[in-house]
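Letter by letter, the chains look like this.
There are 2 protein chains.
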Amino acid sequence: MTVELISVGTELLLGNIVNTNAAYLAERCAALGLSCYYQSVVGDNEERLKDVVRRGLSRSDILILSGGLGPTKDDLTKEVTAEVFGRELHEDAHTKERIEEYFRRVHTDQVTPNNWKQALVPEGAKVIDNHNGTAPGLIIEGDGKTAILLPGPPNEIRPMFERDVAPYLNGLNPEGIYSKMVKICGIGESKAETMIADLMDAQSNPTIAPYAKTGEVHLRVTAKALGEEEADELMRPVIEELYHRFGDKIFTTEEEVTLEEAIVEFLDKRGMTVTTAESCTAGLLAGRLMNAAGASNVYREGYITYADEAKEKLLGVRHETLMRFGAVSAQTAEEMARGAAGAAGADAAVSVTGIAGPGGGTDEKPVGLVYIGCCVKGKVRVEEFHFTGNRAKNREYSVARALTLLREELLRAD
Amino acid sequence: MTVELISVGTELLLGNIVNTNAAYLAERCAALGLSCYYQSVVGDNEERLKDVVRRGLSRSDILILSGGLGPTKDDLTKEVTAEVFGRELHEDAHTKERIEEYFRRVHTDQVTPNNWKQALVPEGAKVIDNHNGTAPGLIIEGDGKTAILLPGPPNEIRPMFERDVAPYLNGLNPEGIYSKMVKICGIGESKAETMIADLMDAQSNPTIAPYAKTGEVHLRVTAKALGEEEADELMRPVIEELYHRFGDKIFTTEEEVTLEEAIVEFLDKRGMTVTTAESCTAGLLAGRLMNAAGASNVYREGYITYADEAKEKLLGVRHETLMRFGAVSAQTAEEMARGAAGAAGADAAVSVTGIAGPGGGTDEKPVGLVYIGCCVKGKVRVEEFHFTGNRAKNREYSVARALTLLREELLRAD
Chain A
26 MTVELISVGT ELLLGNIVNT NAAYLAERCA ALGLSCYYQS VVGDNEERLK DVVRRGLSRS
86 DILILSGGLG PTKDDLTKEV TAEVFGRELH EDAHTKERIE EYFRRVHTDQ VTPNNWKQAL
146 VPEGAKVIDN HNGTAPGLII EGDGKTAILL PGPPNEIRPM FERDVAPYLN GLNPEGIYSK
206 MVKICGIGES KAETMIADLM DAQSNPTIAP YAKTGEVHLR VTAKALGEEE ADELMRPVIE
266 ELYHRFGDKI FTTEEEVTLE EAIVEFLDKR GMTVTTAESC TAGLLAGRLM NAAGASNVYR
326 EGYITYADEA KEKLLGVRHE TLMRFGAVSA QTAEEMARGA AGAAGADAAV SVTGIAGPGG
386 GTDEKPVGLV YIGCCVKGKV RVEEFHFTGN RAKNREYSVA RALTLLREEL LRAD
Chain B
26 MTVELISVGT ELLLGNIVNT NAAYLAERCA ALGLSCYYQS VVGDNEERLK DVVRRGLSRS
86 DILILSGGLG PTKDDLTKEV TAEVFGRELH EDAHTKERIE EYFRRVHTDQ VTPNNWKQAL
146 VPEGAKVIDN HNGTAPGLII EGDGKTAILL PGPPNEIRPM FERDVAPYLN GLNPEGIYSK
206 MVKICGIGES KAETMIADLM DAQSNPTIAP YAKTGEVHLR VTAKALGEEE ADELMRPVIE
266 ELYHRFGDKI FTTEEEVTLE EAIVEFLDKR GMTVTTAESC TAGLLAGRLM NAAGASNVYR
326 EGYITYADEA KEKLLGVRHE TLMRFGAVSA QTAEEMARGA AGAAGADAAV SVTGIAGPGG
386 GTDEKPVGLV YIGCCVKGKV RVEEFHFTGN RAKNREYSVA RALTLLREEL LRAD
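Protein chains in written order, with the working numbering: chain A, 26 to 439; chain B, 26 to 439.
Keep in mind the hints are simulated off the structure, nothing from the lab.
A hint or two may mislead.
Since the list gives no way to pick one copy over another, a pair counts as held whenever it fits inside one copy or between any two copies.
Claimed, not checked - The calculated BS3-like cross-link candidates involving lysine-lysine, where the alpha carbons are at most 27 Å apart (straight line), are: (1) 390 <-> 338; (2) 418 <-> 142; (3) 170 <-> 142; (4) 216 <-> 338; (5) 402 <-> 170; (6) 294 <-> 142; (7) 75 <-> 418; (8) 390 <-> 274; (9) 75 <-> 274; (10) 142 <-> 121; (11) 238 <-> 121; (12) 249 <-> 402; (13) 402 <-> 142; (14) 98 <-> 294; (15) 121 <-> 404; (16) 404 <-> 75; (17) 390 <-> 75; (18) 216 <-> 121; (19) 121 <-> 390; (20) 170 <-> 249; (21) 216 <-> 170; (22) 238 <-> 418; (23) 151 <-> 390; (24) 142 <-> 404; (25) 98 <-> 238; (26) 418 <-> 249.
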């Protein structure tokens with residue numbers, strides 16, 4: 026079975042956005058055992074879109090179209106694809122109800138007549154509910170070909186693909202594709218790849234593919250098998266070998282578990298609490314930690330202390346320390362972590378102080394210098410980092426490193 | 026003049042990498058006044074690549090191919106394009122010398138016979154020197170069509186494009202493309218589009234294209250003109266009309282200015298300070314506000330108060346208020362905002378308290394219910410929101426709405 030990806034949107038043709046949907050869909054299709062030979066990008070133009078859809082159907086079994094399902098006149102993906110398949114559009118009661126419900130919940134004053142365009146469905150098409158927006162997905166089958174239409178926003182397309190499209194595509198293929206994600210923190214990508222170079226060379230079924238994320242390396246282990254049990258049996262020895270090599274640097278083997286969730290679960294199981302004291306990251310660390318549902322069991326309060334006086338007032342950092350070593354120093358990071366744990370009455374605390382840039386750097390303390398402190402049960406460890414990104418990247422890396430340090434210190438104290 | 030982008034590489038088809046080259050080339054071509062109607066991705070396969078190149082030449086004036094210029098047998102872009110143009114390959118002495126020199130400088134031990142494949146040039150082609158790698162770029166012209174071949178690595182393609190390809194393309198096209206981004210907050214996408222439907226229908230030069238971002242709508246106004254001055258003259262009346270319709274919902278007309286930067290600049294100019302008191306967003310609001318470089322002038326400290334006791338202790342929310350109305354209530358949001366302003370000694374404060382989900386919802390207070398409070402110079406306004414996303418989206422929308430509310434209240438008090 027071959028699949029072809031068609032991304033619809035003028036903003037892609039103008040280069041205003043990067044086509045991350047194509048990379049996501051391509052990766053997921055490959056994991057599902059489908060061969061993808063072509064990807065196209067085309068704008069919201071009837072003739073050109075029709076041409077690309079026809080061309081796609083002439084050379085591929087399945088088309089996945091993303092984008093162009095919005096409520097405006099510009100949005101043509103559904104209309105054009107239905108025409109190529111020779112299908113009329115009808116209002117779908119279920120979809121209309123879902124859109125009405127969506128608007129009731131969100132902002133009723135903003136519903137305009139053009140929104141009802143999104144309730145039109147080609148005859149015979151399967152509807153894929155959209156839980157994060159108003160445009161439903163659609164599956165149109167005919168003459169041995171299939172077109173799958175999905176909305177453009179990543180937060181809509183991804184859950185729809187995982188929940189409905191992947192099982193549908195899997196059903197077209199008797200051999201299923203099963204995968205586990207071995208997630209590692211505290212080891213760089215090059216080093217991680219070197220550590221498993223022999224496994225990657227020898228791989229056939231299952232395969233191992235590495236992906237770098239900020240401060241993490243993810244290894245996707247993928248097996249082709251006739252069922253989940255067979256897949257698990259194929260993957261087990263590989264995953265055991267990865268544990269043997271990476272040890273407790275592996276924080277999960279579950280696709281959907283994030284580093285912050287692993288940490289929150291660890292704390293929750295032990296009835297421990299954590300707090301944060303942030304300068305340059307200014308809330309991003311706490312914000313990420315609290316992405317984990319259920320974080321309220323382990324986190325009660327946190328501190329954003331940008332100004333020196335705030336570090337003194339809220340965390341009890343000594344004036345002398347700030348004067349002598351400066352706000353961006355190992356000493357300040359240590360007192361911030363210890364002070365935060367005390368102020369919040371928490372078992373653990375993480376502190377971040379650094380120079381995210383673009384301004385504020387000096388020869389002695391350049392942009393990218395960040396100190397991260399971690400206090401667990403009264404013991405403090407401080408690490409110095411030198412990041413080389415822009416302001417946003419330096420802050421993002423600081424957060425990733427802070428979580429990694431917290432996890433290491435929690436494991437050490439356990 | 027129309028241009029078409031063809032990206033060659035199996036790693037793109039497998040989704041192992043994101044096609045940032047296409048976004049970069051598309052944006053640069055648009056800025057050079059070239060219309061791009063199609064982008065394609067194809068693998069290192071002779072027949073399929075030939076098909077895509079032929080198809081491209083049949084519908085576009087200029088093809089820009091990236092990738093597939095490497096030294097291995099897999100790399101076919103040059104061979105296939107030369108064949109389509111009916112050109113023989115010859116060894117180019119200048120290029121061979123550059124490759125030899127490159128290997129002398131970098132890693133002499135890694136030169137293999139297949140590297141000399143990169144010194145082969147189609148007859149009549151212009152060579153574009155590569156200062157960061159061994160594969161030269163090539164420009165092949167024939168029958169009124171042009172193919173420009175560039176290597177895949179971003180650190181090679183970008184300098185080559187800027188130094189040699191952009192001036193070449195500019196020579197083909199005297200008219201340039203200029204644009205402004207009108208950014209709006211506090212109005213939904215559908216409503217914004219309805220408000221300018223007549224302008225969009227009537228548009229020719231300049232054009233208006235809307236893009237939705239979380240809590241914002243961006244309108245790109247684009248003019249074709251012979252220079253910046255002419256472009257400004259073309260765009261001025263359109264931008265004036267947009268100001269007439271959207272008023273102070275427009276927070277900037279600069280591409281690179283974000284909502285948080287607009288707010289920080291507003292505060293900074295007036296010597297005002299702001300603070301944040303967050304429950305469900307737990308630092309994300311502060312974190313986003315502090316994305317703005319220079320935010321340290323206007324922000325000294327902030328509070329993450331997840332637990333009820335933290336709201337009492339750090340913000341002075343009354344125990345009675347929490348007992349009677351609950352932590353997720355307009356009353357608590359109001360006291361959080363007022364309390365934060367007082368505790369931080371700030372001129373303005375924003376508070377967020379809500380149920381981000383997935384747990385914690387009740388019939389009376391469902392997941393997605395969020396109260397945002399804003400205190401400016403002692404006056405507090407509270408708004409109630411009902412978001413319908415998952416935990417992450419509800420938090421992201423809360424942050425966007427909180428910034429919008431803060432901006433509105435700052436303008437009102439000004």
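Hint check results:
no.	hint	verdict
1	390 <-> 338	within (25 Å within a copy, 36 Å between copies)
2	418 <-> 142	between (40 Å within a copy, 25 Å between copies)
3	170 <-> 142	within (25 Å within a copy, 41 Å between copies)
4	216 <-> 338	neither (42 Å within a copy, 46 Å between copies)
5	402 <-> 170	neither (61 Å within a copy, 63 Å between copies)
6	294 <-> 142	neither (49 Å within a copy, 45 Å between copies)
7	75 <-> 418	neither (41 Å within a copy, 34 Å between copies)
8	390 <-> 274	neither (30 Å within a copy, 40 Å between copies)
9	75 <-> 274	neither (50 Å within a copy, 38 Å between copies)
10	142 <-> 121	within (9 Å within a copy, 59 Å between copies)
11	238 <-> 121	between (39 Å within a copy, 24 Å between copies)
12	249 <-> 402	neither (46 Å within a copy, 63 Å between copies)
13	402 <-> 142	neither (59 Å within a copy, 45 Å between copies)
14	98 <-> 294	neither (53 Å within a copy, 42 Å between copies)
15	121 <-> 404	neither (58 Å within a copy, 42 Å between copies)
16	404 <-> 75	neither (65 Å within a copy, 56 Å between copies)
17	390 <-> 75	neither (58 Å within a copy, 47 Å between copies)
18	216 <-> 121	between (52 Å within a copy, 19 Å between copies)
19	121 <-> 390	between (59 Å within a copy, 26 Å between copies)
20	170 <-> 249	within (23 Å within a copy, 41 Å between copies)
21	216 <-> 170	neither (44 Å within a copy, 37 Å between copies)
22	238 <-> 418	both (12 Å within a copy, 21 Å between copies)
23	151 <-> 390	neither (59 Å within a copy, 34 Å between copies)
24	142 <-> 404	neither (61 Å within a copy, 43 Å between copies)
25	98 <-> 238	between (38 Å within a copy, 19 Å between copies)
26	418 <-> 249	neither (37 Å within a copy, 34 Å between copies)
Hints 4, 5, 6, 7, 8, 9, 12, 13, 14, 15, 16, 17, 21, 23, 24 and 26 from the earlier list are contradicted by this structure; the remaining hints agree with it.
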